[in-house]
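Engineer: Construct the complete structure from the given sequences, taking the supplied hints into account.
So the chains spell out like this:
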Amino acid sequence: MSQNMPPQTRRPHAAAFVQDGFCVVPSQQVSILESVRADVVAYLRSMTKGGAGLTDEAYLNAFHKFSAPTALNDVRVGVHKTLGSSEVFRQKVFACARHHLEDLVGNEIVMQRQVGVVIQAPRDPAGLLALHTDCWSGCSPYEVVLWIPLVDVHDTKSMYICDRAQTERHLREIKAGPAPESTAALARRVRPGAQDLRMKFGDLLFFSSILMHGAEENQTDETRFVLNVRFKSLFSPYGTKAIGETFLPVNYLPATEVGLDYEGEFGAVHA
Amino acid sequence: MPNGFLGYNFGGPSRGGFVPQRLQNLCIRDHAARHGLVLSFSVSEYFDAAPALMLFSQFEHIGALDGLIFFSLALLPGDRKRRAAFYARMTDSGKELHFALEDLVWTPGRPWKDIDRLYRLRFDSRPDDNRRALQKLVAKPPGPA
Ligand SMILES: [Fe+2]
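Chains as they are written, first to last, in numbering that gives the first Met the number 0: chain A, 0 to 270; chain B, 0 to 144.
Just so you know, the hints here were simulated from the structure itself, not pulled from any lab data. Check before you lean on any hint, since a few could be wrong.
Taking lysine to any residue pairs in the SDA-like style, the calculated list, with each CA pair at most 25 Å apart, reads [stated by the list, open to error]:
1) Lys199(A) - Pro11(A)
2) Lys48(A) - Phe65(A)
3) Lys240(A) - Phe58(B)
4) Lys80(A) - Asn129(B)
5) Lys240(A) - Ala32(B)
6) Lys80(A) - Leu103(B)
7) Lys240(A) - Asn129(B)
8) Lys174(A) - Thr132(A)
9) Lys112(B) - Phe93(A)
10) Lys80(A) - Met46(A)
Structural biologist: Next comes the structure, spelled out in structure tokens:
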């Protein structure tokens, strides 16, 4: 780069993201986050009997006691359809993270259309996430994943993640070969150096789509409830998850408004 | 009396990718089912897709339809003026336009701006050109001026 470029000054969580590939921060909008959680709880209560009188946190932690394992998949599908694709819900989730997100991807943002909802009951093997990096399934390395626990998470109630240096070391080894013969073999190699994320409700995790991560069977006695959704800069390169199909703009900045309107009417300006 | 929606697909490679027509039709049928729309039948664009002749010919009988279901936003005419002409014909028709893959809907009376912006942002190759230029610059920084 140009030798005249000044050294970058970054806020601590942005510097951590560059160093580690992820950062955990307290949301600046806890009341909105509480309202997001209340939406989830309200929906679950409408689907499932039990848990009257419990706080939202206690209700989610104990959810496996109200919902039979066989019914859990219907609940997952229902939450996904009803809340995950609701525009109001999506805007609330964005509002919880906007403050920190802008330091990571910029202030002209596209957001995944569907907010993912993960429900993992204790010792339920269904719906587990084998070790992977999102880039392997076509995500752009310019994407940031927002991961929001709706309950306190720790150990196997949480997920595990490799930081940037470890991920890159494993990726170099895989590139050099021989390729791992199974996801289990890969996990055996990667898991020891990975860290379990310990987070409180109110914390937000932002991680790069390049990072290796996964979730194991929940060996605790409480249910894991997590939201996840991806963001990126409007104009950074896309992977196979395209704008329109997977991502929609959250906002356009003034110069983009003007430029898009100009090119819409008068045609693109090419070099 | 309108009798359902018309599916619209393309049999050739589109925007550097190829989706078998059978998959395109599955996607269109799934979209119709999820939105409670009646799908009457589907047409395919001619192999030379640019002029979108097959698409424009549908306006001759659009009064008999409830609207169109494109397999994807990618099937909008690539030429800006041709696209504008298509929007104008759609507006005149007063019918709905759906994009199955993207699950997007345009309804009569709404501006075209959002759809057209998404289309142009999605298929603009300039950001990729910029990325290549940036990678070159990083690999081989220019010397001091
Ligand atoms: Fe992932």
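Engineer: Hint by hint, where does the structure go against what was stated? Just the numbers, ascending.
Structural biologist: Of the numbered hints, 3 and 4 do not hold.
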